[in-house]
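Novice: All chains, please: the whole structure from these sequences, using the hints.
Going line by line, the protein sequences match chains A and B.
First residue of the first sequence? That's 0 in numbering that gives the first Met the number 0, and the numbers climb one at a time after it.
First residue of the second sequence? That's 0 in numbering that gives the first Met the number 0, and the numbers climb one at a time after it.
Partner residues aside, some chain A positions facing chain B, computed with beta carbon under 10 angstroms:
1) GLY179
2) LEU209
3) LYS311
4) ILE314
5) ASP349
6) LEU358
7) HIS359
Result set (SDA-like, lysine to any residue): computed pairs, CA atoms no more than 20 angstroms apart in a straight line:
8) B:LYS235 - B:ALA277
9) A:LYS352 - A:SER230
10) B:LYS270 - A:VAL353
11) A:LYS235 - B:THR240
12) A:LYS235 - B:SER230
To be clear about the criterion: a stretch of chain A counts as covered by chain B if any three or more of its residues have a C-beta under 8 angstroms from a C-beta of chain B, and this derived list gives those stretches:
13) 200-206
14) 217-228
15) 274-280
16) 320-331
17) 391-404
These are computed hints drawn from the structure, not numbers from a lab.
C-beta atoms are modelled at their ideal positions from N, C-alpha and C, and glycine is treated no differently.
2 protein chains.
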Amino acid sequence: MTIKNYIEENKERWLEELFEMIRIPSISSIPDHKPDMYKAAEKWVELLKKAGIDKAEIYDTPGNPVVYGEKMIDQKLPTVLVYGHMDVMPVDPIDLWDSKPFEPEIRDGKIYARGADDDKGQSFIQLKAFEYLVANGLLKCNVKFMVEGEEEVGSPNLGAWCEEHKEMLKADVILVSDTGMLARDIPSITTGLRGLAYWQVEVTGPNRDLHSGIYGGAIANPINVLCDMISQMTDKNNKVTIPGFYDDVEEVSEKERTLLNKAPFDLEEYKESLDVKAVHGEEGFNTRERTGIRPSFDVNGIWGGYTGEGAKTVIPSKAYAKISSRLVPNQDYHKIADLFKKHFESIAPDYVKVNVEVLHGGQSYVCPIDSKAYEAASKAFTEVYGKEPVPVRSGGSIPIISTFEDVLGIKSLLIGFGLESNAIHSPNENFPLEQLYNGVETVVSFYKHFTA
Amino acid sequence: MTIKNYIEENKERWLEELFEMIRIPSISSIPDHKPDMYKAAEKWVELLKKAGIDKAEIYDTPGNPVVYGEKMIDQKLPTVLVYGHMDVMPVDPIDLWDSKPFEPEIRDGKIYARGADDDKGQSFIQLKAFEYLVANGLLKCNVKFMVEGEEEVGSPNLGAWCEEHKEMLKADVILVSDTGMLARDIPSITTGLRGLAYWQVEVTGPNRDLHSGIYGGAIANPINVLCDMISQMTDKNNKVTIPGFYDDVEEVSEKERTLLNKAPFDLEEYKESLDVKAVHGEEGFNTRERTGIRPSFDVNGIWGGYTGEGAKTVIPSKAYAKISSRLVPNQDYHKIADLFKKHFESIAPDYVKVNVEVLHGGQSYVCPIDSKAYEAASKAFTEVYGKEPVPVRSGGSIPIISTFEDVLGIKSLLIGFGLESNAIHSPNENFPLEQLYNGVETVVSFYKHFTA
Numbered sequence: 000m001t002i003k004n005y006i007e008e009n010k011e012r013w014l015e016e017l018f019e020m021i022r023i024p025s026i027s028s029i030p031d032h033k034p035d036m037y038k039a040a041e042k043w044v045e046l047l048k049k050a051g052i053d054k055a056e057i058y059d060t061p062g063n064p065v066v067y068g069e070k071m072i073d074q075k076l077p078t079v080l081v082y083g084h085m086d087v088m089p090v091d092p093i094d095l096w097d098s099k100p101f102e103p104e105i106r107d108g109k110i111y112a113r114g115a116d117d118d119k120g121q122s123f124i125q126l127k128a129f130e131y132l133v134a135n136g137l138l139k140c141n142v143k144f145m146v147e148g149e150e151e152v153g154s155p156n157l158g159a160w161c162e163e164h165k166e167m168l169k170a171d172v173i174l175v176s177d178t179g180m181l182a183r184d185i186p187s188i189t190t191g192l193r194g195l196a197y198w199q200v201e202v203t204g205p206n207r208d209l210h211s212g213i214y215g216g217a218i219a220n221p222i223n224v225l226c227d228m229i230s231q232m233t234d235k236n237n238k239v240t241i242p243g244f245y246d247d248v249e250e251v252s253e254k255e256r257t258l259l260n261k262a263p264f265d266l267e268e269y270k271e272s273l274d275v276k277a278v279h280g281e282e283g284f285n286t287r288e289r290t291g292i293r294p295s296f297d298v299n300g301i302w303g304g305y306t307g308e309g310a311k312t313v314i315p316s317k318a319y320a321k322i323s324s325r326l327v328p329n330q331d332y333h334k335i336a337d338l339f340k341k342h343f344e345s346i347a348p349d350y351v352k353v354n355v356e357v358l359h360g361g362q363s364y365v366c367p368i369d370s371k372a373y374e375a376a377s378k379a380f381t382e383v384y385g386k387e388p389v390p391v392r393s394g395g396s397i398p399i400i401s402t403f404e405d406v407l408g409i410k411s412l413l414i415g416f417g418l419e420s421n422a423i424h425s426p427n428e429n430f431p432l433e434q435l436y437n438g439v440e441t442v443v444s445f446y447k448h449f450t451a
Numbered sequence: 000m001t002i003k004n005y006i007e008e009n010k011e012r013w014l015e016e017l018f019e020m021i022r023i024p025s026i027s028s029i030p031d032h033k034p035d036m037y038k039a040a041e042k043w044v045e046l047l048k049k050a051g052i053d054k055a056e057i058y059d060t061p062g063n064p065v066v067y068g069e070k071m072i073d074q075k076l077p078t079v080l081v082y083g084h085m086d087v088m089p090v091d092p093i094d095l096w097d098s099k100p101f102e103p104e105i106r107d108g109k110i111y112a113r114g115a116d117d118d119k120g121q122s123f124i125q126l127k128a129f130e131y132l133v134a135n136g137l138l139k140c141n142v143k144f145m146v147e148g149e150e151e152v153g154s155p156n157l158g159a160w161c162e163e164h165k166e167m168l169k170a171d172v173i174l175v176s177d178t179g180m181l182a183r184d185i186p187s188i189t190t191g192l193r194g195l196a197y198w199q200v201e202v203t204g205p206n207r208d209l210h211s212g213i214y215g216g217a218i219a220n221p222i223n224v225l226c227d228m229i230s231q232m233t234d235k236n237n238k239v240t241i242p243g244f245y246d247d248v249e250e251v252s253e254k255e256r257t258l259l260n261k262a263p264f265d266l267e268e269y270k271e272s273l274d275v276k277a278v279h280g281e282e283g284f285n286t287r288e289r290t291g292i293r294p295s296f297d298v299n300g301i302w303g304g305y306t307g308e309g310a311k312t313v314i315p316s317k318a319y320a321k322i323s324s325r326l327v328p329n330q331d332y333h334k335i336a337d338l339f340k341k342h343f344e345s346i347a348p349d350y351v352k353v354n355v356e357v358l359h360g361g362q363s364y365v366c367p368i369d370s371k372a373y374e375a376a377s378k379a380f381t382e383v384y385g386k387e388p389v390p391v392r393s394g395g396s397i398p399i400i401s402t403f404e405d406v407l408g409i410k411s412l413l414i415g416f417g418l419e420s421n422a423i424h425s426p427n428e429n430f431p432l433e434q435l436y437n438g439v440e441t442v443v444s445f446y447k448h449f450t451a
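Specialist: See the structure below:
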């Protein structure tokens, strides 16, 4: 049976299965959802077995569980290791969702839900391509699945788990659907990922909240100080001021910059879709370069003092921020995490106390475009989308990808089907059914070319 | 009966009455507590009548109610108008309280509760001094009580209410217990209050929360921008940079500055009590001056992005701050509110949208020290505390005080019994019983001298 016919015959069941997975609110950053991680793991075991995996099991880690399953047909044949993650991001601000995040709804041909794309929908593509190959006697290699529950919090335990199960995880390539395409009609393969360093900072002023009338003007306000300190972290050209921050940044050649800028990009459309009058970033680089080959510096959250309705005249004791940098190849996240901590502490004035905690991080990654796996994927996209895919350096991070290379010695191939409009990590995350089905076709085609 | 004996005989009943008042969570800044404002008003009517007021009524306003009561013994005698407020500040951060904020507890001779001092405890002093005078046939003037429910949100409706009831409110002096003393053994009378302008600002970047990997470095982050903008509002000398901000600031004479600095003040003790290594404020002024005669600029609250546990890599769509300035005599709060709004909007870069809302404000106030009322209060404090009180310019604001002067043409006398350690507006607000009883004695003595 052709894959198109197989999809047609099975899609109702598939959506039911995917929706069951989505309904489990497996938010990894909120400890209260730990039981949901186990529910999601059990669901994965169930679906893997249903799809034809011979054995599938839940492995405990010091954090959330990992699901591992395999179908070994012949040790001598090549082996594909599929990686995905069952955890999702938090859903706040909840009031901006048009439907409930964990009650998937199909509107205008798209599934709306947290995880519809990232990564429940996308990893489901891998699962269903495998199911088709098994069901139709077309599988010509060994397949392993490794699905973790901590990707959205930086995979703190998967590296050690891989180390422990190195033998079991042996493979020729790791296949990952957790990235995006440039547009629905512009297929692309992600060949680079930025790394990440993430901190939480706490600035303490007085030992208690103070009345802003009685003390205002005489005591440093930790919010004002935090704002000053954050402001000092970037200069007029929007370069990060941390000494040594750019020391190891890979200087991309003119040739590569030219190639990079060949990917279609419409600045006016980009600004319009975000409703901003102007873009803003590091001087000397354009928008695509700023996210592809340059590091960033963003405050991801800030809080302190009175944030309720109306007016409260308080000088708070403490102010906090969550801050992160996306890193590019050669920037070591441990080094950057440390440089930030030292610098931020060093610029703290003596009228406050500053505490910097490194929350997590991950290394950047570059994928070679001359490998057999990349070539197979390129052919597969060309077959399904009618165009050769563009190699793209993504601004995002999947910290575990570089860990896989370090620990397992295996390169990853990032073939993702997300679109910019899918709003991952945001309210109204969605995934077009068209991308779900095209994704399955593409992965099926990948296996064909990879095992040819 | 002497006041000391009267206190001894009645204090158990008094505390019961005060605790009943405190248990009503009359937080004016949170609309959900509106029913509590009416409960508090009913309690005031009940207690006023019990204390000897002839008629007491609740008056509706577009906001929270006002309680008014009077005992007119002779139109020809002088009239004292007592002002107090029944509303309190919010209680967050709730986890820093050692006991529940609306369940008063006595520990080490202090009442611990929200409102124990500000202003339930202090206005209770006025009520009980009046009760004693009536009960013992010692009242020699007319007394009016006006108790409002919106002081902590800037008394937005009391001005208009006073205008409407001008005739009814006629008096020779307004008596207010809503301020503090320098220390338990250093009586003082507040002769100056700072004004206040309070804003909420909203900075909007992209039209939705974005993935910090895909967009980080290419799109302005509204939190970073808000921090930059706040940082620009003060300069290296910690002077406010708003053009025209200092234009109308009253330049205090060298003589007055000398007097001001005669009030006992121990900088080391001050820093120690707040656990800060250094104080911080406007260059060229010391701590007492910074709060007494100079305006301030504080961020009272800030929020935006992800503020939960762990790490979420988001570029938020919006960031917010609540900002206020304490103002000094001659600085008009309407003018300052407008100057800030214009300036803040003018420094907004084109890659964000900025919205500034003026939340509330109030004028500053100066009280003459050569009036009959001031002299009576000075004698009263000397009698009870054994020392002549120090005239003090407070850093706090009671915006309605200047409104009273404008609308009713009556000066206010601010005799407060709060201590710095009472932690008003903070967790573990408290009020020493000693101050409660000494306060009643002082007010009783004030009436004696005022009507002598």
